[in-house]
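*Asks:* Heads up: the protein sequence lines correspond to chains A and B, in order. Using this note's numbering, the first residue of the first sequence is number 1, and each one after it goes up by one. Using this note's numbering, the first residue of the second sequence is number 167, and each one after it goes up by one.
Be aware that one or more of the hints could be misleading.
[Said to hold, decoys possible] Straight-line Cα separation of at most 30 Å, BS3-like style, residue types lysine-lysine; simulated pairs: (1) A/10 - B/898; (2) B/632 - A/47; (3) B/632 - A/10; (4) B/898 - B/813; (5) B/741 - B/702; (6) B/750 - A/14; (7) B/702 - A/56; (8) A/47 - B/963; (9) A/13 - B/632; (10) B/898 - A/13; (11) B/923 - B/963; (12) B/646 - B/702.
Hints listed in this document are in silico derivations from the structure and should not be mistaken for laboratory results.
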Amino acid sequence: MIRVSADFAKEVKKRLGGETITNCYQCGTCTSSCPVARVTNRFNPRKLIVQSLRGKRDDVLTGEMIWLCCSCFNCQERCPQRVEIADLIYALRNIAISEGNVPNIYSEFVSALYSEGKLVKVAGFTEKQRENFGLPPLKKPDVEAIRAILAETSFGEVLKVLEGKE
Amino acid sequence: MKVGVFISDCGGLVSKVLDIGDIEKYIRGIDGVKLVEVRDSFSSGEGLERIVRAFKERRIDRAVVTECSPKIAEIRILNRLKEEGVNPYLVEIVDLLGSCILPHRSWPDKAVEKAKVTLLAAVERAKLLEPIESRRFPIEKSALIIGGGLAGINAAIELIDTGFEVTLVEREPFIGGLAARMVRFFPTDDCALCVQAPIYELKGVTKTSRKGLYRSGVSELPGLNIYTNSRVVSVEGEPGNFTVTIEKKPRYVDETKCIGCGECTKVCPVEVPDLFNAKLKSRKAIYINAPNLYPPVYAIDETICKFKECAKCVEVCPTKAIDLDQKAETIKLRVGAIIVATGFEEFNPEVIKEYHYGEYPDVITQSELARMLDPFGPTGGIPIRPSTGEKAKKIVMIQCVGSRDRRYNRYCSGICCMIALKHADMIKKLDPESEVQICYIDIRTTGRMHEDYYERAREQGVIFVKGRPTEIVLNPDSGKPVVIVEDGLTGEILNLEADLVVLSTAFVPSSGSKELAEILGIEVAEDGFFKEYNSKLRPTETKIRGIYICGGATYPKDAPTTALHASSAALKAGKFLRSGEITKDLKVAVVNEELCGDCEFCPVVCPYGAITTVEKEGHVVARVSELRCEGCGICVGTCPKNAIELKHYTDDQILAQIRALATKLDPKEPVVLAICCAECGHCAIESSGIFLIEYPPNVRVMKVPCAGVLKVHHFLEAFNAGVDAIMVVGCKPEGCHYEYGSIKAAQKVAFTKTLLKALGIEPERIEMFQMVHIEGDRFAEAAKLMVERASSLGSIKEMIKI
Ligand code: SF4
Ligand code: SF4
Ligand code: SF4
Ligand code: SF4
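Please work from the sequences and hints to get the whole structure.
*Replies:* As structure tokens, this is what we get:
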């Protein structure tokens, strides 16, 4: 039997970014605004919201949809009900992460940030190119400072979750 | 001072619980009480006559009467006394059954004490009551109607038919308003400007028929005066006697001479896009919107006419109707009542940049489509692509443009779905081969026969796409607009290319509504529409007597609802004007000019705009309009100098009652004073009695018209007199009978708390409660809470006199 309930929406409403979820009246402006939804039907922000509103917590948090948003904020600009859709998707991601549901690519980003102070490793080739263009070498990030910031924010917890996952 | 006390046993209900003999004995001992009578009832028959005789023969000066259905008993008793020439304001009515018996059945002994103290307070108050004078104010038996759309015309016809003179003011050169542009109307599919012909017997005018406005005979109604091209610039005076100043712009064409031949237009050299016809054609400087409008005479657009430089039209006019020297006129009139019927207008969708209205010529609004669908309109009834002039075969409509949108207008405009369905129907009837697609969020067709349109549209093959488009783009190859929308039912994103995209825009208040509201001293709501006195029960009244609102001025409406609304406003105005005078008991606020000076607080707080200020001996003093004052006392509660008093609830009267209610017959029992407003507050307390919900008899109740009348010193005085805790019971702020009385009271309670703290007294001894009238259970709970608090806190040791 399929159960519907408002419990998950209530939970999301309490999260930073999730407050506006119940404003949604399913007009679909977000979906037709979304560059991702225009190229693939694997992503549909309106559907993501309706699933959340119906209480399909597991589908939402373990599915791929929440990770497909590219944070362009197009939808958020145009939503007639002022649903903060992109922020809402962050809220959903935060819940998913705290429960250990993160795609691997994100774990890689996070560990790179933690160990190198950068999201992406800079290859030797890039350094050469910079030299050719007469650009100064890239500064080494202050990894210690970055770690301190990460520790102060809830990133530390995210890391713990990720470590647990490995 | 001789006070008579009349205790009704309510058919034995009282004596069943209370020892009436004991109460009687106590009452006889009160200073000033010269007569005490106990009977079954005092609200009719012999009982009532005994009160009359007590005044007339035994010469009592004041009376206290207890009755069990207080409101009804009150009306009967007071009416009878009035008949006999006794001023009804000298009588205080107490509901012993409701306040002392029903809610306290478990504590009969304590209930007796409460009854005694309640009666003591009533006697103390009665001693200070003063007769209230009743005054007659003459009324001008005529009305002004502002706005000549469907609502204004209908209201005018109704008022004239009921026998009043009406002046109708329309700011445009032609009456008809938005309706005149909308071709046909649902649900009758007939002409928008067919109005119910007025009822007067004349050959050729049939009562029952609907007529085009121009031939309905409206303009010939005796007593109707229509000013077009005119605006109301000021309104002064009092309800029943408004002095209105109207500015009439020159038309430059004598309405009585012009025969509408149109010779002038032919020679006029100035041409501009015709706004009435959605710029689909042009018009001249001398023009008529449509020949079937009223008045069916031409007008000159002074913003573009070349006047003396040209004057060609003057020459050709066969009746010499054109007068280029015509000047603006100022007209002053006196009217008794005013009806605002200024309607609504289309929201300008230009601000929704992604729809490119105003930029892409083939994106238009529903009223512009309506002009195309008018067989006598600029395109002869055929929808076209404005960019090319070709017939539009594929039309996409977008609903809720600027409605139900938190960025623009949160509300549903209510009629746009029906307008879209009506137009879809017209297009399909014209050419079943043309395609119509409607993008919607929800289709709303509430109203008789309205769902038929939705059914018919589906039968005719209109496609409904459940989705609100994100944007309209232009196909660079075809040059046609493409609507991008998610079909919510299939989850697909569609690109709907169209010949014509029609935006079903929101409807917003007519421009200038705010300014007009200021001129009239009435309010507009958050959405910008005129605010009704009470949206449930008094939808066509405003807070100011004699000023009414109707039609789209209060919210977008369809024709049937507008007609209903107009009749309602006309009825209210007629009721007000009917007798030619208002009789009013002057239970109003009175300014003590000796004390009043220069603060100007009260004019701001009065919800009825009843207070103005005047210069007096170098000071600004407040002046109360006896007619506008509704007797709430919010001004009293606000005045920092005690310079304004409410008759029948003066400071002395309120304080006397408070002090009496503080009397402790049993020193061990705490006393909680509940001061409630006469509206929801009192109703809530009463309902706990009616529904047999008990609360402790330590709570003693006193009623004031509005909690807004209360002042901080009332509370301090109560504590001084021995009250242990105070509860102020008012309406919920959103339902406050006097707008913000309850909020004002809450502020004073909060301030009192601060003061108490400073005095070393527990601030939780006073609390504000806001409830709706059926919340007797909530009152009982609150009462229990406060009694518990009072018991645990004990008596106040020392009160510092302020
Ligand atoms: S645009 Fe806003 S209201 Fe419409 S479906 Fe998306 S989130 Fe809901
Ligand atoms: S913010 Fe995310 S959901 Fe919104 S339009 Fe951009 S990619 Fe789509
Ligand atoms: S006087 Fe004015 S209205 Fe008359 S013809 Fe000339 S421009 Fe036109
Ligand atoms: S009593 Fe109320 S209505 Fe009368 S003047 Fe004062 S605030 Fe206005």
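*Asks:* Given the proposed pairing of residue 13 of chain A with residue 632 of chain B, does the C-alpha separation stay at or below 30 Å?
*Replies:* holds (26 Å)
*Asks:* Would you check the hint for residue 632 of chain B and residue 47 of chain A, treating anything up to 30 Å between C-alpha atoms as holding?
*Replies:* Holds. Residue 632 of chain B to residue 47 of chain A sits at ~14 Å (cutoff 30 Å).
*Asks:* Given the hinted pair residue 898 of chain B and residue 813 of chain B, is their alpha-carbon gap at most 30 Å?
*Replies:* The hint holds at about 25 Å.
*Asks:* For residue 10 of chain A and residue 898 of chain B, compute the direct alpha-carbon distance and say whether it is at most 30 Å.
*Replies:* holds (27 Å)
*Asks:* Would the pair residue 898 of chain B and residue 13 of chain A pass a check requiring their Cα atoms to be no farther apart than 30 Å?
*Replies:* holds (27 Å)
*Asks:* What's the verdict on residue 646 of chain B and residue 702 of chain B, does the C-alpha distance respect the 30 Å limit or exceed it?
*Replies:* violated (47 Å)
*Asks:* Checking one constraint from the list: CA of residue 632 of chain B to CA of residue 10 of chain A, max 30 Å. Satisfied?
*Replies:* This hinted pair holds, its Cα atoms lying about 26 Å apart.
*Asks:* So if I understand the rule, the pair passes when the alpha-carbon distance is 30 Å or less; does residue 750 of chain B with residue 14 of chain A pass?
*Replies:* Outside the cut-off at roughly 55 Å; violated.
*Asks:* If you draw a straight line from the CA of residue 923 of chain B to the CA of residue 963 of chain B, is it 30 Å or shorter?
*Replies:* holds (14 Å)
*Asks:* Check whether the Cα positions of residue 702 of chain B and residue 56 of chain A lie no farther apart than 30 Å.
*Replies:* violated (40 Å)
*Asks:* Given the hinted pair residue 47 of chain A and residue 963 of chain B, is their Cα-Cα distance within 30 Å?
*Replies:* Violated - the C-alpha atoms of residue 963 of chain B and residue 47 of chain A are around 66 Å apart, more than 30 Å.
*Asks:* Has the given pair, residue 741 of chain B with residue 702 of chain B, been kept, meaning a C-alpha gap of at most 30 Å?
*Replies:* Since the Cα atoms of residue 741 of chain B and residue 702 of chain B sit roughly 19 Å apart, the hinted pair holds (cutoff 30 Å).
The structure shown violates the earlier hints numbered 6, 7, 8 and 12.
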